[in-house]
Amino acid sequence: MCLAIPGQIVSMVEGTAHGALVEVVGVRRRVDVSLVEPDGIAPGDWVLIHVGFAMSKIRADEAIDQLRMLSVLGEEEAAKQEARGYFDEESP
Amino acid sequence: MHDTIASPPAIRFRDRQIEMMHGAGGKASRRLIEGLFAPILCGSPAEPLGDAAEVHVNGPPIAITADSFVVSPLAFPGGSIGELAVNGTVNDLAVSGARATALVVTYILEAGLATEVLEREVRAMSRAACAAGVTIAGGDTKVVEHGKADGMYITTAGVGCPIRGVKLSARSARPGDSVLISGPIGDHGITILLARGELDLEADLHSDTRPVINLVEALARAAAPGLRWMRDPTRGGVATTLNEFARDARLSVHLREEAVPVRGEVRGACELLGLDPLHIANEGQFLAIVAPEYADAALEALHGAPGGEEARIIGEVREQPACAVLASMAYGGTRIVDMLVGDPLPRIC
Amino acid sequence: MKFTDEFRQPELIARTADEIRRAADPARHYRLMEVCGGHTHAIYRFGLKDLLPPNIELIHGPGCPVCVLPMGRIDDGLTMAAENDLIFAAFGDMMRVPGTHGSPLEHKARGADIRTVYSPADALKLARANPERQVMFFAIGFETTAPSTALTLMRARAEGIRNFSVFCNHVTIIPAIRAILDSPDMRIDAFIGPGHVSTVIGCRPYEWIARNEGKPIVVSGFEPLDVLQAVVMILRQLQGGEARVENQYRRVVPWEGNRAALQAMAQVFTLRSYFEWRGMGFISQSALALNDAYAEWDAEKRFEVPGIRVTDPKAAQCGEVLKGVLKPAQCKLFGKECTPENPVGSLMVSSEGACAAYYQYEHRKEELISIPA
Numbered sequence: 001m002c003l004a005i006p007g008q009i010v011s012m013v014e015g016t017a018h019g020a021l022v023e024v025v026g027v028r029r030r031v032d033v034s035l036v037e038p039d040g041i042a043p044g045d046w047v048l049i050h051v052g053f054a055m056s057k058i059r060a061d062e063a064i065d066q067l068r069m070l071s072v073l074g075e076e077e078a079a080k081q082e083a084r085g086y087f088d089e090e091s092p
Numbered sequence: 093m094h095d096t097i098a099s100p101p102a103i104r105f106r107d108r109q110i111e112m113m114h115g116a117g118g119k120a121s122r123r124l125i126e127g128l129f130a131p132i133l134c135g136s137p138a139e140p141l142g143d144a145a146e147v148h149v150n151g152p153p154i155a156i157t158a159d160s161f162v163v164s165p166l167a168f169p170g171g172s173i174g175e176l177a178v179n180g181t182v183n184d185l186a187v188s189g190a191r192a193t194a195l196v197v198t199y200i201l202e203a204g205l206a207t208e209v210l211e212r213e214v215r216a217m218s219r220a221a222c223a224a225g226v227t228i229a230g231g232d233t234k235v236v237e238h239g240k241a242d243g244m245y246i247t248t249a250g251v252g253c254p255i256r257g258v259k260l261s262a263r264s265a266r267p268g269d270s271v272l273i274s275g276p277i278g279d280h281g282i283t284i285l286l287a288r289g290e291l292d293l294e295a296d297l298h299s300d301t302r303p304v305i306n307l308v309e310a311l312a313r314a315a316a317p318g319l320r321w322m323r324d325p326t327r328g329g330v331a332t333t334l335n336e337f338a339r340d341a342r343l344s345v346h347l348r349e350e351a352v353p354v355r356g357e358v359r360g361a362c363e364l365l366g367l368d369p370l371h372i373a374n375e376g377q378f379l380a381i382v383a384p385e386y387a388d389a390a391l392e393a394l395h396g397a398p399g400g401e402e403a404r405i406i407g408e409v410r411e412q413p414a415c416a417v418l419a420s421m422a423y424g425g426t427r428i429v430d431m432l433v434g435d436p437l438p439r440i441c
Numbered sequence: 442m443k444f445t446d447e448f449r450q451p452e453l454i455a456r457t458a459d460e461i462r463r464a465a466d467p468a469r470h471y472r473l474m475e476v477c478g479g480h481t482h483a484i485y486r487f488g489l490k491d492l493l494p495p496n497i498e499l500i501h502g503p504g505c506p507v508c509v510l511p512m513g514r515i516d517d518g519l520t521m522a523a524e525n526d527l528i529f530a531a532f533g534d535m536m537r538v539p540g541t542h543g544s545p546l547e548h549k550a551r552g553a554d555i556r557t558v559y560s561p562a563d564a565l566k567l568a569r570a571n572p573e574r575q576v577m578f579f580a581i582g583f584e585t586t587a588p589s590t591a592l593t594l595m596r597a598r599a600e601g602i603r604n605f606s607v608f609c610n611h612v613t614i615i616p617a618i619r620a621i622l623d624s625p626d627m628r629i630d631a632f633i634g635p636g637h638v639s640t641v642i643g644c645r646p647y648e649w650i651a652r653n654e655g656k657p658i659v660v661s662g663f664e665p666l667d668v669l670q671a672v673v674m675i676l677r678q679l680q681g682g683e684a685r686v687e688n689q690y691r692r693v694v695p696w697e698g699n700r701a702a703l704q705a706m707a708q709v710f711t712l713r714s715y716f717e718w719r720g721m722g723f724i725s726q727s728a729l730a731l732n733d734a735y736a737e738w739d740a741e742k743r744f745e746v747p748g749i750r751v752t753d754p755k756a757a758q759c760g761e762v763l764k765g766v767l768k769p770a771q772c773k774l775f776g777k778e779c780t781p782e783n784p785v786g787s788l789m790v791s792s793e794g795a796c797a798a799y800y801q802y803e804h805r806k807e808e809l810i811s812i813p814a
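Read top to bottom, the protein sequences are chains A, B and C. For what it's worth, this note's numbering labels the leading residue of the first sequence as 1, then goes sequentially. For what it's worth, this note's numbering labels the leading residue of the second sequence as 93, then goes sequentially. For what it's worth, this note's numbering labels the leading residue of the third sequence as 442, then goes sequentially.
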């Protein structure tokens with residue numbers, strides 16, 4: 001139910017109402033962008049493609065945010081442990 | 093050790109009619125060959141069935157093989173049916189440890205086929221034969237009614253000389269052996285899928301069809317004593333070929349997913365269509381199982397030969413789980429790599 | 442950024458897996474259901490279970506539109522196509538699903554005109570290209586796919602294409618989740634929510650799960666990091682005794698869903714009062730049909746529907762596996778009478794069916810004593 005792949009809009013297709021040429025790692029396909037046009041789309045944008053239709057615009061800022069959040073996982077815990085370590089060392 | 097591992101059950105062919113899946117190179121194909129053809133034609137062979145056989149005609153052994161070529165469209169980026177026919181047979185012999193010397197060719201032509209198309213294919217075969225160093229010694233032609241041959245079907249049979257020092261058998265493999273691939277996978281199958289035009293995908297891809305005999309010989313020169321087994325992963329892809337090996341050897345293959353070379357465009361097309369590159373056909377690559385002490389030399393030899401620059405070690409042979417192929421991800425997750433039943437189908441789910 | 446490899450980085454995956462181990466209470470056994478078949482497939486494909494501690498159990502839900510399609514509907518579609526000489530167009534997922542007299546591919550081998558399409562738009566293209574023939578698109582899928590069928594029908598209507606019809610088997614996800622929660626033998630602690638369905642319906646439709654049933658639900662993406670992060674978020678809620686809807690897949694899923702998609706669906710579809718789900722019986726208001734405005738393109742109105750009902754063989758336990766009561770390997774037929782080559786139920790054919798995924802990716806792994814890194 002849900003094979004949907006990120007692709008990048010290369011260009012709009014001339015002579016079609018809602019067609020865009022989208023690229024996925026060098027493979028290009030015409031995709032219907034009716035469902036994402038209301039958000040405003042332009043070449044360079046990334047969209048999620050399912051059965052030849054763009055379902056959603058992909059937000060790079062959210063992606064970067066997510067990856068950043070994951071990259072500091074465990075650091076809070078490590079910091080706590082380090083602090084605890086200092087405390088233990090100081091106790092007589 | 094091998095006798096403690098359960099042998100796979102004998103196969104019986106129970107399907108009532110032949111379906112497309114029986115020609116796809118996967119499990120259904122294997123069932124047809126092992127369950128119907130082999131018992132009737134070969135009795136119980138001592139060795140598992142291979143791509144070529146050795147026969148004796150009053151002298152040193154000759155390697156012999158046959159193959160058939162059915163492809164639509166007939167021509168595609170990177171090649172055409174004529175080249176596939178020559179290279180396919182040359183490669184079947186190469187991975188069986190023999191250098192092809194001569195082919196015979198039969199054509200089944202569809203009435204209505206344009207002469208210029210036929211001529212183009214015959215020229216392509218001639219060029220491919222030259223490039224592979226083989227003679228086309230003869231052949232036959234038949235014409236069938238319009239609608240019965242997709243343009244043309246080609247069958248070839250080839251003979252060749254076994255390469256000295258090379259003795260191949262899946263049963264000679266041992267845990268710890270390295271698994272090598274000669275180059276990136278999936279190019280041919282995806283090119284054909286895109287060339288059919290039904291999926292509306294475009295990519296800068298072409299078939300990898302080529303003779304691999306020079307690479308095989310380079311490998312043999314560097315590593316013959318440690319070279320256990322080879323095969324070309326055509327229909328059914330690397331997954332099917334390695335599963336066949338695992339079954340025949342009664343061992344396991346563990347692949348490292350990130351080590352398997354796949355071009356970006358092939359990956360992209362597979363992601364879009366929900367396909368696995370390991371199941372896609374190749375026409376210019378081969379797999380080799382090599383003893384660990386020869387693995388580096390083997391890889392270096394391939395890298396040093398023209399066309400072998402992208403060869404990689406992609407995994408190793410292990411004991412368990414016997415008769416299965418596993419792939420592990422860089423982060424530690426593993427999955428089974430199974431043979432497909434029939435042709436890979438695009439999916440949306 | 443390519444939005445795939447970045448979410449498969451080994452370093453980040455290791456970190457997230459560590460966080461899961463830290464967040465999971467070793468005294469507790471967690472039962473998390475991934476609703477969507479796409480998640481089942483991803484979990485097996487990426488070997489994600491190997492990264493979870495043993496006290497986190499993943500239960501496969503019924504979100505596989507091919508798996509829940511009753512065999513009778515496949516028979517109906519193939520019969521209608523045969524009796525009316527139709528071009529039968531469907532996604533690749535459908536092609537090997539067994540009907541009573543064979544799968545669509547087997548029918549094709551016997552001469553039926555069966556075509557695989559990647560998009561409903563391609564089915565419409567077939568109709569344009571073959572004006573003397575009738576094309577019937579066998580539509581399946583949850584709310585992820587329904588808007589595309591809707592847009593295609595709107596296009597057919599706008600262009601006056603009359604030789605096109607849709608045999609609609611779209612189903613909706615909320616009633617399926619409700620059926621799971623209502624099931625007496627279920628005990629689920631939290632849900633991994635369907636990421637791509639949610640691009641259409643948004644996250645609001647799940648609020649009752651948290652509010653009324655007290656279960657956390659985290660809408661998740663499909664890359665390894667997505668699923669693992671969703672598990673972290675679920676564990677944190679469970680530790681804190683919370684039950685909320687959260688959106689892990691924020692780069693793709695808008696909280697309010699896709700209005701254009703919902704509007705297209707409203708324009709074309711109506712909710713059926715009830716629909717049969719394989720293995721789960723009749724569920725009310727769980728499936729879509731074409732509404733009166735689109736009656737002309739409704740295959741069920743244009744052609745006579747046989748209305749075939751097929752009961753699954755008693756030994757097949759598809760229903761229990763679909764509801765997560767049984768694991769695939771616990772079904773008596775698994776791996777013996779029911780294999781990918783000879784599938785008894787559609788869970789073994791559909792690439793995201795729990796049985797196929799388990800068979801394809803997993804079932805021999807148990808034989809490994811240990812998996813060296």
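Quick caveat, the hints were computed from the structure, so don't treat them as lab data. Predicted model, so just to flag it, every value in this text is computed and none were measured. Careful, some of the hints might be misleading.
[Stated by the list, open to error] Below, computed lysine to aspartate or glutamate pairings styled on EDC-like, alpha-carbon distance capped at 16 Å:
id, chain 1, residue 1, chain 2, residue 2
1, C, 566, B, 290
2, C, 443, B, 111
3, C, 549, C, 516
4, C, 768, C, 498
5, C, 768, C, 600
6, C, 443, A, 82
7, C, 755, C, 778
8, C, 742, C, 459
9, C, 549, B, 111
10, C, 549, C, 573
11, C, 566, B, 143
12, B, 240, B, 202
13, B, 259, B, 143
14, C, 566, C, 600
15, C, 490, C, 753
16, C, 773, C, 761
17, B, 259, B, 309
18, C, 768, C, 733
19, C, 443, A, 23
20, C, 490, C, 524
21, C, 443, A, 61
22, C, 549, C, 524
23, C, 443, A, 62
24, C, 773, C, 745
25, B, 259, B, 146
26, C, 443, A, 65
27, B, 259, B, 290
[As the list claims (entries may be wrong)] Derived CB-CB ranges, DEER-like:
id, chain 1, residue 1, chain 2, residue 2, range
28, A, 37, C, 603, 44 to 54 Å
29, B, 112, C, 696, 29 to 39 Å
30, C, 626, A, 62, 52 to 62 Å
31, C, 742, B, 289, 40 to 50 Å
32, A, 75, B, 106, 24 to 34 Å
33, B, 160, C, 654, 54 to 64 Å
34, B, 219, A, 17, 26 to 36 Å
35, C, 495, A, 62, 47 to 57 Å
36, B, 141, C, 697, 53 to 63 Å
37, B, 237, C, 443, 47 to 57 Å
[Stated by the list, open to error] Calculated from the model, a selection of chain B residues having no Cβ within reach of chain C, i.e. all distances over 12 Å:
id, residue
38, 161
39, 165
40, 214
Glycine included, every Cβ here is placed at the ideal spot set by N, Cα and C.
Checklist entry - Under the criterion that the straight-line Cα-Cα distance not exceed 16 Å, is the pair residue 490 of chain C, residue 753 of chain C satisfied? => result violated (30 Å)
Checklist entry - CA of residue 755 of chain C to CA of residue 778 of chain C, is that 16 Å or under? => result With a Cα-Cα distance of about 13 Å, the restraint between residue 755 of chain C and residue 778 of chain C holds, given a limit of 16 Å.
Checklist entry - Is the Cα-Cα distance between residue 240 of chain B and residue 202 of chain B 16 Å or less? => result holds (6 Å)
Item to check | Pair hint residue 259 of chain B and residue 290 of chain B, alpha-carbon separation not exceeding 16 Å | outcome: violated (44 Å)
Next on the checklist: With the threshold set at 16 Å, check whether the alpha-carbon distance from residue 768 of chain C to residue 733 of chain C stays at or below it.
Outcome noted: violated (42 Å)
Next on the checklist: Check whether the Cα positions of residue 773 of chain C and residue 761 of chain C lie no farther apart than 16 Å.
Outcome noted: The hint holds at about 12 Å.
Checklist entry - Does 47 to 57 Å hold as the CB distance between residue 495 of chain C and residue 62 of chain A, or does it fail? => result violated (33 Å)
Checklist entry - Hey, residue 549 of chain C versus residue 573 of chain C, does the alpha-carbon distance stay inside 16 Å? => result violated (20 Å)
Checklist entry - Does the structure keep residue 549 of chain C and residue 516 of chain C at a Cα separation of 16 Å or less? => result holds (14 Å)
Next on the checklist: Is 26 to 36 Å respected by the C-beta to C-beta distance linking residue 219 of chain B and residue 17 of chain A?
Outcome noted: Since residue 219 of chain B and residue 17 of chain A have Cβ atoms about 47 Å apart, the given range 26 to 36 Å is violated.
Checklist entry - Minimum Cβ separation between residue 214 of chain B and chain C greater than 12 Å? => result holds (32 Å)
Checklist entry - Do the alpha carbons of residue 443 of chain C and residue 61 of chain A lie within 16 Å of each other, as the hint requires? => result Given that 16 Å is the threshold and the Cα spacing comes to 13 Å, the pair holds.
In the structure shown, a violation is registered for the earlier hints numbered 2, 5, 6, 8, 10, 11, 15, 18, 20, 24, 27, 28, 29, 30, 31, 32, 34 and 35, in ascending order.
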